[in-house]
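Peer 1: Residues per chain, in single letters:
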Amino acid sequence: MKNLTFRIAAVLLCYVMISCSGGQQNTESTESASAAPDSHPKGQASVVDDVSAKNILQVAASSDAHTTLVAAVQAAAIEHVLVNAGPLTVFAPTNAAFDALPPGTVEDLLKPENKSTLATILTRHAAPGSFNLEGLKKEARKGRKIYMATGDYLEVVVDGDVVTVGGATVVATIPTSNGIINVVDKVILP
Amino acid sequence: MAAILVAVASCGQNGDKNAGVLSGNLAERSFVPPGEHDEFYAFISGGFSGQLAVYGLPSGRLFKVIPVYSLDAEKAYGFNEETKPMLETSFGTIPWDDSHHPDLSQTNGEVDGRWCFINANNTPRIARISLSTFETEEIIELPNSAGNHSSSFVTENTEYIVAGTRFSVPIPQRDMPIDDYKGNFKGAISFIKIDPETGRFDLSFQIIMPGFDYDLAHPGRDKSHGWMFFSTYNTEEANSLMEVNASQNDKDYIAAINWKKAEELIAEGKFETMPTEYAHNVWDESTQMSTSTMKKEVRVLDPGKNPGLVYLLPTPKSPHGCDVDPTGEYIIGSGKLSASLTAHSFTKMLDAIENEKFDGDAYGIPIINYDDVVAGVVQQAGLGPLHTEFDGKGNGYTTFFISSEVVKWKVGTWEVLDRQPTYYSVGHLMIPGGNSRKPFGKYLVALNKITKDRYLPTGPELAQSAQLYDISGDKMELILDFPTVGEPHYAAGAPADLIKPNQLRLYQLEENNHPYATKNEKETGVTRQGNEVHIKMTTIRSHFAPDNIEGIKVGDKVYWHVTNLEQDYDVPHGIAMIGANTSELLIMPGQTETFVWEPKKVGVWPFYCTDFCSALHQEMQGYVRVSPKNSNVELKWSLDGE
Numbered sequence: 001m002k003n004l005t006f007r008i009a010a011v012l013l014c015y016v017m018i019s020c021s022g023g024q025q026n027t028e029s030t031e032s033a034s035a036a037p038d039s040h041p042k043g044q045a046s047v048v049d050d051v052s053a054k055n056i057l058q059v060a061a062s063s064d065a066h067t068t069l070v071a072a073v074q075a076a077a078i079e080h081v082l083v084n085a086g087p088l089t090v091f092a093p094t095n096a097a098f099d100a101l102p103p104g105t106v107e108d109l110l111k112p113e114n115k116s117t118l119a120t121i122l123t124r125h126a127a128p129g130s131f132n133l134e135g136l137k138k139e140a141r142k143g144r145k146i147y148m149a150t151g152d153y154l155e156v157v158v159d160g161d162v163v164t165v166g167g168a169t170v171v172a173t174i175p176t177s178n179g180i181i182n183v184v185d186k187v188i189l190p
Numbered sequence: 191m192a193a194i195l196v197a198v199a200s201c202g203q204n205g206d207k208n209a210g211v212l213s214g215n216l217a218e219r220s221f222v223p224p225g226e227h228d229e230f231y232a233f234i235s236g237g238f239s240g241q242l243a244v245y246g247l248p249s250g251r252l253f254k255v256i257p258v259y260s261l262d263a264e265k266a267y268g269f270n271e272e273t274k275p276m277l278e279t280s281f282g283t284i285p286w287d288d289s290h291h292p293d294l295s296q297t298n299g300e301v302d303g304r305w306c307f308i309n310a311n312n313t314p315r316i317a318r319i320s321l322s323t324f325e326t327e328e329i330i331e332l333p334n335s336a337g338n339h340s341s342s343f344v345t346e347n348t349e350y351i352v353a354g355t356r357f358s359v360p361i362p363q364r365d366m367p368i369d370d371y372k373g374n375f376k377g378a379i380s381f382i383k384i385d386p387e388t389g390r391f392d393l394s395f396q397i398i399m400p401g402f403d404y405d406l407a408h409p410g411r412d413k414s415h416g417w418m419f420f421s422t423y424n425t426e427e428a429n430s431l432m433e434v435n436a437s438q439n440d441k442d443y444i445a446a447i448n449w450k451k452a453e454e455l456i457a458e459g460k461f462e463t464m465p466t467e468y469a470h471n472v473w474d475e476s477t478q479m480s481t482s483t484m485k486k487e488v489r490v491l492d493p494g495k496n497p498g499l500v501y502l503l504p505t506p507k508s509p510h511g512c513d514v515d516p517t518g519e520y521i522i523g524s525g526k527l528s529a530s531l532t533a534h535s536f537t538k539m540l541d542a543i544e545n546e547k548f549d550g551d552a553y554g555i556p557i558i559n560y561d562d563v564v565a566g567v568v569q570q571a572g573l574g575p576l577h578t579e580f581d582g583k584g585n586g587y588t589t590f591f592i593s594s595e596v597v598k599w600k601v602g603t604w605e606v607l608d609r610q611p612t613y614y615s616v617g618h619l620m621i622p623g624g625n626s627r628k629p630f631g632k633y634l635v636a637l638n639k640i641t642k643d644r645y646l647p648t649g650p651e652l653a654q655s656a657q658l659y660d661i662s663g664d665k666m667e668l669i670l671d672f673p674t675v676g677e678p679h680y681a682a683g684a685p686a687d688l689i690k691p692n693q694l695r696l697y698q699l700e701e702n703n704h705p706y707a708t709k710n711e712k713e714t715g716v717t718r719q720g721n722e723v724h725i726k727m728t729t730i731r732s733h734f735a736p737d738n739i740e741g742i743k744v745g746d747k748v749y750w751h752v753t754n755l756e757q758d759y760d761v762p763h764g765i766a767m768i769g770a771n772t773s774e775l776l777i778m779p780g781q782t783e784t785f786v787w788e789p790k791k792v793g794v795w796p797f798y799c800t801d802f803c804s805a806l807h808q809e810m811q812g813y814v815r816v817s818p819k820n821s822n823v824e825l826k827w828s829l830d831g832e
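The listed protein sequences correspond, in order, to chains P and L. Take the first sequence: its letter number 15 is residue 15 in the working numbering, and every next letter is one higher. Take the second sequence: its letter number 51 is residue 241 in the working numbering, and every next letter is one higher.
Hints may be right or wrong, so weigh each one.
What the hints assert, rightly or not - With beta-carbon atoms standing in for the labels, derived distance ranges: (1) Asp161(P) <-> Pro386(L): 40 to 48 angstroms; (2) Gly715(L) <-> Thr120(P): 37 to 45 angstroms; (3) Asp687(L) <-> Glu107(P): 41 to 49 angstroms.
Since the hints were made in silico from the structure, they are not lab data. Ideal Cβ positions, reconstructed from N, Cα and C, are used throughout, including at glycine.
With the hints as extra help, turn the sequences into a complete structure.
Peer 2: Pasting the structure below:
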């Protein structure tokens, strides 16, 4: 206790000396703010919002046909991209599309050491902008390719009612709050 | 230790500022970590800016400036077609005013987090702000009033908002000599009934009081519920050099108004109906438009002719603040030219009324004997007492303008417990819930009138200075300075948990009943009626539909009705059109807003989104072709050529 009193007195003495020295205004710098706890570790994907229309990640996560895709998104740590203001069009391969890859491919990609490869593959399924089925047909009609987030340009081919992008067939289009999900039957590989 | 303290004190001005280090880490106590929320909302009036600013406590962070009696260069309040009627008055459009005293809606005398009310001082008005949307929803003008200062105070079940005139005026207004003031000028006290469901206003009645100045007010609480207390000055009824002539009487009054009695008198038909004129402006969330209606009459009561309606409690030296403690027993008058506070007793007042312990009357209104109503005096508390709030633990806190301090004193014993300096010259103070039956006595905000050297200087005009005190212990401790906007007068505060759960995050597109709402891109288009053109446009990340428009002519009056199709929290879009005299809009998800553009120059002119909405925000743009007045260019519009 005595020691503590002494320390307070010593601090005060320093304080008095500083504050009496004149001109020196910033005497508060001797205080240290407590370290901020890491209060927002999860990023924008952790925002709780049950009022807005569902975003791309929320829609994908609620789809039984996309459990592999969602697991891959988490393994690649790109979930925040899918909740961003976007707008974004995601070509979302079904579980069956992933299953059709050579045996062991998905398991390999999910390994931590392959995180960046996986991220590149997934990013190749995302395009800035909102392209629903009508939008895709318009791209084909106007001879425009779709610019993907990896920098590739994918061609849209319309054959009757069948629309393919980079060789994958669009089997459904789902509007979301921050863009469009086009469900595809194939993983789009380079 | 004693020697060191003396040394601190001997440093003069710096000593006071730094005294807080004695009690440990101050920064920690106002620090809200990144991503965490504040414990309280503070609604701080914008004074001469006519706004209401929303802060967090204890951080002092500014969250929003709500335009009320002002034009807003942020989201076009007062500029767009939907909100223009909000600023209508019987004098025409008044673009901004002087907003003083916010107060929060209450249930059973406790803050309930539904609405905030605030007065306009200059052209008398009262506004209601939704604490779900944080938007101004209603403004009512007050006839017969001038300098609407003793306003806007909420009775304990939000039955009424009560608003008193500061300046007495001829009622009804007429051409007469100013020197005939005495006995001819009157002061109107307005009672605005609140619809318990919608919050909508109805000017129920006015009490036409003697020609004093009515300065501040507070409703009775708990046992004194049903009464309203107003401080008065200029009971001399002077009309010039007021700083001298209105300070002649040793005592002015606190007027005690029995509003339950007033309700009975109204029910019995003992009122007169006076022709007058006042605007009533209402925002409708469903149509997202406001309307302004001019009302033509008001019911008035004469207190001189209706015994039992009003009593006058003598109170020393031009009382300013008039505050009621949470039990409702004590009415505190702060004589601003006095060094002491006067506490009147509600119980003694009722007894004095019953036993007619009166000392004459003023225009037929009984004056109660001072000694028969006063409960106690906080002696020599400071210089220039202004306002008092309470902590719910039996203590009052009063600001002193001249001695620039907050003084804590004990209700009932009237002893001074603590005093802390403010920087500088404090006006109002606010403890969240501190004027209600249930104060949250953890923090106290001092709203100072003078800033001087507290912040980095910004030329002759400085931000206003607010200071936060921790009042959870025996002694008040200054823990934070923060700048405020305009000149804050009063403020109101509430626990964040009362308000957060009621937040509206976006407008449901399906429930948008705006006459020009456009709910998908297929409904967009342009129509012409003579020289009036209506554009129905939509926004969604990241384009306007349509974004190419031709066939507009010089001399047209073009209405842009823009609907934000987004249904995602915090994704507004803006729109700005070059040469539009009302500039731009900011449209929340699901909302429709309208601006008018009168093209003056031939050419092809761009418009664009002003709010960084998305990764393709910079691409969110369009063109309008403006042709000469007599041209035959066909009206057409498109998006992506289709």
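Peer 1: Each hint should be assessed against the structure and marked as holding or not.
Peer 2: Results for each hint:
1. Asp161(P) <-> Pro386(L): 40 to 48 angstroms: The hint (40 to 48 angstroms, Cβ to Cβ) is violated, given that Asp161(P) and Pro386(L) are roughly 57 angstroms apart.
2. Gly715(L) <-> Thr120(P): 37 to 45 angstroms: holds (43 angstroms)
3. Asp687(L) <-> Glu107(P): 41 to 49 angstroms: holds (47 angstroms)
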